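Undergrad: Below are the chains, spelled out letter by letter.
There are 2 protein chains.
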Amino acid sequence: MTEPNRQITLKSRPQSHPTLENFALSTAPTPVPGPAEFLVQNLFLSIEPVTRSYIHENKNHSSPVPLGGVIRSFSAGRVVTSRHPDFTEGMHVVGQFGWQEYALSDGQDVRTVDVSEFPLPLHLGVLGTSGLSAWYGLLHVGRPKAGEVVVVSTAAGSVGSAAGQIANQFGCRTVAIAGSEEKARLCKSAYGFSKAINYKNVPEGIGAAVKRACPHGVDIYFDNVGGATLDAILPQLRPGGRVVICGTIANELSPEKSLGPRVERSLLIARARMEGFVILDHLALFPAGLKDLCGWVRDGRLQYREDILAGLENAPAALLRMLSGQNSGKQLVQLNWPRPR
Amino acid sequence: MTEPNRQITLKSRPQSHPTLENFALSTAPTPVPGPAEFLVQNLFLSIEPVTRSYIHENKNHSSPVPLGGVIRSFSAGRVVTSRHPDFTEGMHVVGQFGWQEYALSDGQDVRTVDVSEFPLPLHLGVLGTSGLSAWYGLLHVGRPKAGEVVVVSTAAGSVGSAAGQIANQFGCRTVAIAGSEEKARLCKSAYGFSKAINYKNVPEGIGAAVKRACPHGVDIYFDNVGGATLDAILPQLRPGGRVVICGTIANELSPEKSLGPRVERSLLIARARMEGFVILDHLALFPAGLKDLCGWVRDGRLQYREDILAGLENAPAALLRMLSGQNSGKQLVQLNWPRPR
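Those protein sequence lines, which keep their order, are chains A and B. Numbering-wise (the working numbering), the first sequence opens with residue -1 and increments by one. Numbering-wise (the working numbering), the second sequence opens with residue -1 and increments by one.
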């Protein structure tokens, strides 16, 4: 394996929102596996909101990607060379292999996936951390009860759409918040939300729109955005309400821009719980989650969409596309093999 | 019973902090019990921070006291006339009888107390909703584990001092935040906190002071105040940290003054939980809580202080005294019987 390894690396840290200029297309030698290691050829990259935090220097649940480092992300590929007893050539694997063509691995936190029933990209989306985040966040953090009202933000996204459908299965009434008329329609037609709000078209404000959709209040808010939407929903929590903090994409990452209404009194009055989680803390629950998710995809109860761009070099554009909400469903980048000339 | 019933009533709603002018000393006829009712003669009034919310018009977990209405609070007294089968003359009772000399009751949410072992005022403090708030909030909301770091605000108060001592019994390391040098000393000497911070004397700021006391972060913050102290502690939560919202006395009650740093990202990064509770939701757990609390008071593991003013007419002053932190321990008002001329 003497082919060069093309990578997307961090050229500069964004001040606030990332731009294409923050990324570089670099080339490094393709690594050679040592004992108990294997080489993965990436086939699909998972484009994830959390990348925005990884490339910042601000405090996060994970250390920042260093300048010049390969952008961290999940991806799916196949083992092409192996000196590891458990990973053999031709196996399909998912792991944090980053935005590059080839990655070396010792197998830690890598899972092998069976592509005979579900195609490879699904294992990055509805059967990957997106679906698992919805499953864990809703069921283990939110703990829905039949008849409760569940509001989901970025409801047409890969996590939100799954969270809504899982809530429906548990007998909840679901309300979607999404960023376009088309997405709002999709939330109802494909993902089964009872109501859907296009937050970009609510002249009365998002708070009033939520109140109209949930006149008796909100039991669970599955939050992928934070910011003004969270502020509007917090005072509408019913007694014993829960806010599941799955993502904070609406937040400025600069702390000086991060004032908002105080929350403690709303939480006290509603006797409510607000709780953050990071899905990578819960690897031990992945088999249980995947068993549920596979079953629901198999019998059609869990619908999903994928949005696939082609070419490693388009990964930064795919990230910006997703951060500005232009995608619909799980954003992926498919690597071209053989490479285009 | 033709004696007049003296009452403290709400004369006007405070704009922000209550003043003596918001209260009036009124007189009403002493009520006469109907079938299945009884009359209580109040002996001690519980002076409670929550009264500040009850007399405001802002949204709260309980409806506001109407203008002219008797101020709502717990008190302890004895049954003087009864037509209720379960409450007989001479029994000691605790309930929401309000700031008045006599109260009519149908027995709902009233508990009888045995004063043979523990004097009556204790049933409003360490063996009342103060102790129960500490017990429920720490054990059921905070869920401490041995070795964890627990920070408590208003730590010399009736709730905070109990929360710290209960945390110590569960093997936690406890850090007190209190409002004077004397209270900070008391937190260590009487209530067994490992460290105590006088938040009025931290030139480096409360955040730095907490960081010095908890260099490895905070597992549980038992919060009785909200506001700037909460803001300073939230980014110092350890992974899986919990914030127990028991009170928000540092908050302005006017929403327009209530901006603060956004919390969702801190909660996400720390995978933390922030949860409010209202002790009156958990009446069913009172027997279990009181069993624990009585046992700990009996064997000396749960220390407490009481701060008792005399005379119904001094209840408003006692409230202002407590809101400005001049009390130490449970603030009570003892009613004078016979009345002074």
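Just so you know, these hints were derived from the structure itself, not from any lab. There may be inaccurate statements among the hints.
All copies of an identical chain are treated as equivalent in the list; a pair is satisfied when it fits inside any one copy or across any two copies.
As the list claims (entries may be wrong) - Distance condition first, Cα-Cα at most 25 angstroms in a straight line; then the derived DMTMM-like pairs of lysine to aspartate or glutamate:
hint	residue 1	residue 2
1	K209	E55
2	K57	D112
3	K57	E202
4	K57	D229
5	K57	E273
6	K9	D107
All values derive from a computational prediction rather than experimental measurement.
Undergrad: Against each hint, give a clear statement of whether it holds in the structure.
TA: Evaluation of the provided hints:
Taking the shortest alpha-carbon separations for K209 and E55, only the inter-copy value of 21 angstroms comes in at or below 25 angstroms, while the best intra-copy value is 37 angstroms. In this homomeric assembly, K57 and D112 never come within 25 angstroms of each other (Cα to Cα): the closest approach is 36 angstroms inside a single copy and 54 angstroms across copies. Proximity of K57 to E202 under the C-alpha cut-off of 25 angstroms is restricted to the inter-copy arrangement: shortest distance 22 angstroms between copies versus 35 angstroms within a copy. Proximity of K57 to D229 under the C-alpha cut-off of 25 angstroms is found in both arrangements, the shortest distances being 22 angstroms within a copy and 16 angstroms between copies.
Taking the closest pair of Cα atoms, K57 and E273 come within 25 angstroms of each other both inside a single copy (18 angstroms) and across two copies (23 angstroms). When the C-alpha separation of K9 and D107 is checked against a cutoff of 25 angstroms, the pair qualifies neither within a copy, at 27 angstroms, nor between copies, at 66 angstroms.
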